[in-house]
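Make a model of the complete structure from these sequences and hints.
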Amino acid sequence: LRWANTNGIILEMEETLMPTATFKRDAIAARYAKRHKETDPAIRAIHYLPTGAPPNEIRLVEVNEAITSTAGPEPIDFGVDSGSPNEHKLIVFDVTPEQWENVREGALPLPEGWTLEGSREISRGHARSRK
Amino acid sequence: MNDAQKLWWEQAKSDHAVFVLLRRGGVRECHMLHYLQMAAEKISKAYLWRSGAAPPRSLVGLMPFLQALLSRGLGRKERRRIAGIFDYARPEDMAAWVKQVSPLAHDLQNLTPDLSNDGPNAEYPWPHDEPTHCPALHSFALWNRLRDSEPGRRLVKFLDKAIQRFEQYA
Numbered sequence: 003l004r005w006a007n008t009n010g011i012i013l014e015m016e017e018t019l020m021p022t023a024t025f026k027r028d029a030i031a032a033r034y035a036k037r038h039k040e041t042d043p044a045i046r047a048i049h050y051l052p053t054g055a056p057p058n059e060i061r062l063v064e065v066n067e068a069i070t071s072t073a074g075p076e077p078i079d080f081g082v083d084s085g086s087p088n089e090h091k092l093i094v095f096d097v098t099p100e101q102w103e104n105v106r107e108g109a110l111p112l113p114e115g116w117t118l119e120g121s122r123e124i125s126r127g128h129a130r131s132r133k
Numbered sequence: 708m709n710d711a712q713k714l715w716w717e718q719a720k721s722d723h724a725v726f727v728l729l730r731r732g733g734v735r736e737c738h739m740l741h742y743l744q745m746a747a748e749k750i751s752k753a754y755l756w757r758s759g760a761a762p763p764r765s766l767v768g769l770m771p772f773l774q775a776l777l778s779r780g781l782g783r784k785e786r787r788r789i790a791g792i793f794d795y796a797r798p799e800d801m802a803a804w805v806k807q808v809s810p811l812a813h814d815l816q817n818l819t820p821d822l823s824n825d826g827p828n829a830e831y832p833w834p835h836d837e838p839t840h841c842p843a844l845h846s847f848a849l850w851n852r853l854r855d856s857e858p859g860r861r862l863v864k865f866l867d868k869a870i871q872r873f874e875q876y877a
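Residue numbers (our numbering), protein chains in the order written: chain A, 3 to 133; chain B, 708 to 877.
It is possible that part of the hints are untrue.
What the hints assert, rightly or not - Computed list of lysine-lysine pairs in DSS-like fashion (alpha-carbon distance at most 25 Å, straight line): (1) B:806 to B:784; (2) B:864 to A:36; (3) B:720 to A:91; (4) A:39 to B:864.
Unchecked claim - Residues from chain B that keep clear of chain A, each with C-beta distances beyond 10 Å, as calculated: (5) 761; (6) 825; (7) 861; (8) 877.
Simulated from the structure, these hints should not be mistaken for laboratory data.
We put the CB at the ideal spot given by N, CA and C, even for glycine.
Dropping the structure here:
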């Protein structure tokens, strides 16, 4: 790089390429799914919903047969790794198998801004796109 | 709700609001756990002050709070009402959940330096005499269980409800 400073003196600097960190959202989502499945045997399926999410936001719907509460499902969000290249938000929407069926049929709404379009089931070791 | 309960409830609400900010901000785990533990302790004390006298120290904490909510001394009707406030159809369903979540609640309750047996806690380096670890650099298994399991997330949500709906069961 060459440019002149305020005194007109030509300065030269070697161009350096700063490493650009890339947040690997799909890979990190798969890692969460693996960990959650290992931690909680009551999980039937984990669906990853990237469509429409901000780049550093991971949206998971976890279908869990051990939920006994009568409350409607509510998402819960966690900030993770603040200040690092991997900084992201994890949002988990826990539902019963019956609630998941209602979500699929459109009878139970997802959190605002979420969509099943382009969602993938990632609880079986590999991603399976929703038809 | 008596005056002492109101004061403990106000402090619980404030601690919990900070916890939510920290949880969303993704700060070090120790800080999130510290505020969650404090909010849990204070809403527990708010409830246990319902007799109008300071509860015995041995009967204060998240576990005694959960047990008190399900106490048979309350009567079936009241226990059913309380279960409903926490979105359970029957007291038995809430009791089953409390049993399931007890290890997490116990670990959260014991996260203070004086109850941590000179081990991991959310505030001070440990061991006390020859510190080798500090909370800010420690990865807490408890936090992973709260974030990465449904029972853990439900405990976090339960504490939110316990604080937001306190007037209904105080």
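Results of checking the hints against the structure:
{"no.": "1", "hint": "B:806 to B:784", "result": "holds (21 Å)"}
{"no.": "2", "hint": "B:864 to A:36", "result": "holds (23 Å)"}
{"no.": "3", "hint": "B:720 to A:91", "result": "holds (24 Å)"}
{"no.": "4", "hint": "A:39 to B:864", "result": "holds (20 Å)"}
{"no.": "5", "hint": "761", "result": "holds (32 Å)"}
{"no.": "6", "hint": "825", "result": "holds (28 Å)"}
{"no.": "7", "hint": "861", "result": "violated (7 Å)"}
{"no.": "8", "hint": "877", "result": "holds (20 Å)"}
Hint check: a violation occurs at hint 7 only; the rest are consistent with the structure.
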